[in-house]
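**Q** Chains A, B and C are the protein sequences, given in the same order.
Once you know that position 221 of the first sequence is 221 in my numbering, the rest is easy, because the numbers rise by one and skip nothing.
One rule links them: number in my numbering = place in the second sequence (from 1) + 1000.
One rule links them: number in my numbering = place in the third sequence (from 1) + 2000.
Heads up, a few of these hints could be off.
The calculated label-pair distances, taken between Cβ atoms and stated as ranges, are [stated by the list, open to error]:
#1 B/Val-1318 x C/Val-2284: 51 to 57 Å
#2 B/Thr-1417 x C/Ile-2087: 56 to 62 Å
#3 B/Arg-1218 x A/Pro-157: 19 to 25 Å
#4 A/Lys-355 x B/Thr-1073: 27 to 33 Å
#5 B/Arg-1322 x C/His-2086: 29 to 35 Å
#6 B/Gly-1064 x A/Thr-151: 32 to 38 Å
Computed footprint of chain A on chain B; a stretch qualifies when at least three of its residues, placed anywhere within it, have a C-beta under 8 Å from a C-beta of chain A [as the list claims (entries may be wrong)]:
#7 1078-1084
#8 1126-1136
#9 1164-1176
#10 1180-1187
#11 1202-1215
#12 1409-1418
If you're looking for bench data, these hints aren't it; they were derived computationally from the structure.
Bear in mind the structure is a predicted one, so any value in this text is a computation, not a measurement.
Note that beta-carbon positions come from the ideal geometry of N, C-alpha and C, so glycine has one too.
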Amino acid sequence: MRLRHRFIGASAALGFLATVASANASSHREAPAISFDPAADNTDLWAWVPPDLSMLFLVAAYNPLEEPSGGPNFNKFSDDVLYQIHIARGDQSLEDAVTYDIRFTTSPIMRVDVTDKTAAPGGGKEFFSQLSGQTQTYSIVKREAGMAPVTIASGVPVAPSNIGPRTNVVAYKIAANGYDAFSQTFVKDMGAEGQVFAGPRDDGFYVDLARIFDLANFAGSITTPVTSAVDGVAGFNCHAIAMAIPTSKLTGTGKAPTAGPSDAQTLGVWASASRRKVSILRHDGTIDSDGPWVQVSRLGLPLINEAVIGLQDKDKYNRTTPATDVTNFGGYFLNPIIVRDYEVVAQTTVPDSLKFNRTDILDVINLKDIPTTGAHNFGLSVTGDVLRVDLGVASSFPNGRVVGHGANPNQDQADVTDIELSLLLTGKTSGISDGVNSNDKPFLTQIPFLASPWEGATQGHGKPAP
Amino acid sequence: MTPRKNNVRAAAAVIVSAGLALAAACGRGGQAAATKAPATGPAASTDQTPASLDRRLALQRPDGNTAVDALLTSDERAVGLEPTKADLWVLLGQAWVRKARESADPGFYVNARAAADVALAIDPEHSGALDLQGLSLLNDHRFESARSLAQQIVDRRPDDAAALGTLSDALLELGRVDEAADSAQRMIDLKPNLPSYVRASYLRWITGDVDGAVRAARLAIDSGSDGRYPEPRAWAVVQAAAIFAHEGDYAGAEAGYDRALRQVPDYPPALVGKGRVALARGDARAAAALLDRAYDSSPLAETAWLLGDARAMGGDDVGARRAYDRLEHTGRASDHRTLALFWATKNVHAQEALALAEAERDVRGDLYTDDAYAWALYRNGRLADAGKAIDRALSHHTRDARLLYHAGAIRCATGDTAGGRALVRQALALDPAFDVTGAGEARRLMADGSIP
Amino acid sequence: MKLGTTRSRARATRWPLALALATTLLALGTPASAHAIGLSRGEYVQSGSGVAAQLTFSRADSDAVDDGELLRGVVVRADGEPCEAHIEGRETANPDGVVRRMRFACPRPIRSLALTFGVFDDLPDGHRHAARLRVDGGAGAEDVLYRRHETVSLRLDAPASLPLAMLAFVRMGIEHILTGYDHLAFLFALVVVGGRKRSLLGVVTAFTAAHSITLAVAALGLWSPPARVVEPAIALSIAYVGVENFFVRNGEGRWRLTFPFGLVHGFGFASALRDVGLPTGERVGALVSFNLGVEAGQLLVLAAVLPLLAWARPSRAQVFALSGATALVGAVWFVARIATSPARF
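Extracted from the complex, chain A is given alone in its bound form (with noise of 0.2 Å):
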């Protein structure tokens, strides 16, 4: 169908036209098909009672290995994305029993005049968004099952980005290195209600990331010691929000918990990222901030979706509560793809009994006699991918999850990676290891428990170390 260069007259044009219904083109207009969100996309989720049974412990992380140098414009949480903290009780449902609703608010820059070089910081015409006077609030309204929804906080400032010496003297002005200490006044009181905390902090999940997308080919396998192993989140951030509740407040009676196993007082914890649907033609002049929430992320057990959930099926996990996870997933969690695919892998033989039909992954879900044998008998219709909680007993992985947990300068926790790959492959809960068995920073003992971020000044990736 092609013309010669040097074509002009219409005589050429007939030989061009016999074939150009075939015409093949690329204008790049194509919109884009796949993108990540991280904004909305969470990464990690802790939940856990201290020996005392006080207080439910809380940790949501979102945004996956965030860049502590990320500058100039940081990342933060959404205004669009409506973060949420899902909580369902006893063993008659996975529904929320209680919900704890999470939205930020971002202050508009000013708009000055951009040639008025006089104006004092903060106007808005600055590169540096730490200058702007921006500031980033959130509000909490907790949804209770049959009650009105209650406002808890309201105006609650983000914890800014650890961003350099230089930002905390001019922007924030605190000492140079006061960023530890600083960060910590974000955490706000709640009086009856609790504590919150959110901003960024330390990722504190520790992974061999680069070998465990490698198929779970890890440095150390089954039986080799682990030399290299590297700890892929080691250096990024993440934002997470973080709650200190009163066990009280979740048990459902407005008492504290009974000491001991029991599935009344076992919790259901998971947490979610939604964002809003818009009416595309808005013949009717409907107004965005109005359309309905979905829900596109969704996490309660780590490493659910990475390692159980199918990529045709990924989006389905994300839109979809726990409550439908055995109709939706069943066939997942009994016959794990990651079985399969370590057997090719690790060139191994698995038995079949490790490959199909594994209620033993449910009975873990479900804290089937844990910690005691005869504890916890959840049927099958409140399976689902929720990290259950047992106020009634001090936490201990696979009974919430703890930030925080050892000695090693508190940097252990139960290794659920671990445990996890050691459980799918192995039926075991240990044996199986990453390689990677303690966080890159000290956890906190106090809320927001993850270590405080790493600085983009000096501890950005491809920067000299402080």
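Dock chains B and C against chain A, hints included.
**A** What follows is chains B and C alone, placed relative to chain A:
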């Protein structure tokens, strides 16, 4: 020596001769054998079947060292470890799509398509692989095939957001705007994210809802904050900036293009947009420099057109001719609609322009194809047909000065001077520098009533 | 979707069939690798004195490049030197493909062979060319070429493995003599009459020295007579020796005759070497290696034939018969070569 023994020996001599003869017979083959290479090098696979070529393409080594190249390398390794797992081939194909977009080289869709073909050979109903095929068809501008495939995927899996996106895109190109909006609505209802928001934004814009388009674009930008994969957000920013440009807000548009360029350095669509803004402001040199850069990495006909306009504006007629030659060259090879519109706009090769536009209508029927067709008809003096075509193009009330000007000029030519002048005035008020040639004609028309 | 609700149920039941159909059409009918738009394939095979190329395009893409553009844009380099390109033809490949054949004439490369597919500017943006470049029966390289990556190279050896390359020329020399039946026939005719070892040695040495001289003269490009003279002359030499065998009783003094005939045969070897292609970089080394191979092959044949003759001790009549047959063959070749000259058969 006994005679018998002699005979045996003679026979032996004959056998030697026979050996020679045999060697002679083999002579020809032997010649070929003698050409064996004294070579050492990468082992040659002797297999050149389509299936093997698909694997070769899918596993092509990436040529750079960006994040997407690292991703491709790791995906290729994963596939190598477990080549019978369709999911992994699909992930590899998705990485190739990403590579195609980030490098502005649509040729990498060939690799994506090949990866999808391998996945489908393993699992013929893998929705992710079928989605990749749909993308590849769209990229090839095989809109009817893309629509048909996407429709089948959606019939089977009504919640496949990617297929709904492909379906919407294909329907839009085929001129079926309402159905395209329906598909995009289903997509956004399932998964409000950057891909669905940008489609919402564009559909709103072409249906005349500028505020809504900007709002949806903001949501798109907000939902694409992945610093490791910035191209989709840059694309959304460029789309938003284009809306500002169409509204004549060149400063707003430029801020957007600059933002996109900060996210993806040298991003060709942003360079083109920025060049267009410079052209609108009459800064020929800046425009030519920007468009030159854009054309270098992404040789699109539209970019060559603008580059030619920029050079011509700067007085470089030889350079302009060179750019227009590239446009005609590229247009013939892969972009008939742009070439048709170019010829019609410059009022040259009217017949060929019309022939091209007519042929393009076999492939797609969206409003810009109608516009190119209308303007080519107009240049050929077929005013009634031109009027019908431009009415179709404007039936969704798209706020695009070029369409308004074409509609106005066609009206004036058919005798509806008042109606026509109103449209031309509207066009110039909206975006006074929408196109060097068109805007010039429009101003002359308003000044002295001269119909182009 | 307006149509969706009414159609989807009916379609759902027909889905497997419809999907199978669509998949077959889309995935198998035009896989990325068949004559898909935007992807072409190229097979470039080095053999003899050049590279034969077969380029398969989709029809739309093929129409975008004419022969002149192919000749200018597609470049094969042997040891860095561009080969002379020729268009050999164009044919249709079902269902919608076009095969374009090209040939690149050049000396046999020794270090590298490279292909540059420089016609991307003529093709729609994003075109891919899956190229496979190989030496017939030997090494190969494959790559997918595109606008910013137009060249695939085949490194034939590193300098360190040069001896290996030379060894290949030795082998080529051996193969040439072993399959070069006319030279063998000549040798056979010379030795079939028998005689003392010393005289045989003289005959063989004279033949070797003579053909080495002319082989060098011709292969190094100093001078070479046309093949239409050399080839019939070789045939004539065979016929002559066959006839002469009726008049000599043994090989005494025969070396005087074999020397001039050896000169003729040397030109024959040279043309064989030219067919193969002498590497541009390593002419002398390759020539010596090739010649060594020829000698080795020759000795190999003699080592087999002479003991056999010594053992069989053919009678005078049998020698006549064999010589007569050889002379006849030589005569036939002579006539044939005169007739079909200049081509070898």
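**Q** Is the listed coverage of the stretch 1126-1136 of chain B by chain A valid when you require three or more residues with a beta carbon under 8 Å from a beta carbon of that chain?
**A** holds (count 5)
**Q** For the hint 51 to 57 Å, verify it against the beta carbon of B/Val-1318 and that of C/Val-2284.
**A** 52 Å, holds
**Q** How does the coverage statement for the stretch 1180-1187 of chain B fare against chain A, requiring three or more residues with Cβ below 8 Å from a Cβ of that chain?
**A** This one holds; 3 residues, not fewer than the three required, reach chain A with a Cβ under 8 Å.
**Q** Do three or more residues from the stretch 1202-1215 of chain B put their C-beta atoms closer than 8 Å to C-beta atoms of chain A?
**A** holds (count 7)
**Q** Per the coverage rule (Cβ-Cβ under 8 Å, at least three residues), is the stretch 1164-1176 of chain B covered by chain A?
**A** holds (count 3)
**Q** Under 8 Å between beta-carbons, do enough residues of the stretch 1409-1418 of chain B, three at least, approach chain A for the coverage claim to hold?
**A** Violated - the stretch 1409-1418 of chain B has 0 residues with a Cβ nearer than 8 Å to chain A, which falls short of three.
**Q** Does the hinted range 29 to 35 Å hold for B/Arg-1322 and C/His-2086 at CB?
**A** 31 Å, holds
**Q** Examine the stretch 1078-1084 of chain B: at least three residues should have C-beta closer than 8 Å to a C-beta of chain A.
**A** Since three or more residues must qualify, the claim that chain A covers the stretch 1078-1084 of chain B holds, with 4 doing so at under 8 Å.
**Q** Okay, A/Lys-355 versus B/Thr-1073 on CB: inside 27 to 33 Å?
**A** 30 Å, holds
**Q** Between the beta carbons of B/Thr-1417 and C/Ile-2087, is the distance compatible with 56 to 62 Å?
**A** With a Cβ separation near 59 Å, B/Thr-1417 and C/Ile-2087 satisfy 56 to 62 Å, so the hint holds.
**Q** Honestly, do B/Arg-1218 and A/Pro-157 meet the 19 to 25 Å range at C-beta?
**A** Holds - the Cβ-Cβ distance for B/Arg-1218 and A/Pro-157, about 23 Å, lies within 19 to 25 Å.
**Q** Measuring from beta carbon to beta carbon, are B/Gly-1064 and A/Thr-151 in 32 to 38 Å?
**A** At roughly 50 Å between Cβ atoms, A/Thr-151 and B/Gly-1064 fall outside 32 to 38 Å, so the hint is violated.
Hint compliance for this structure: hints 6 and 12 are not met, and every other hint is.
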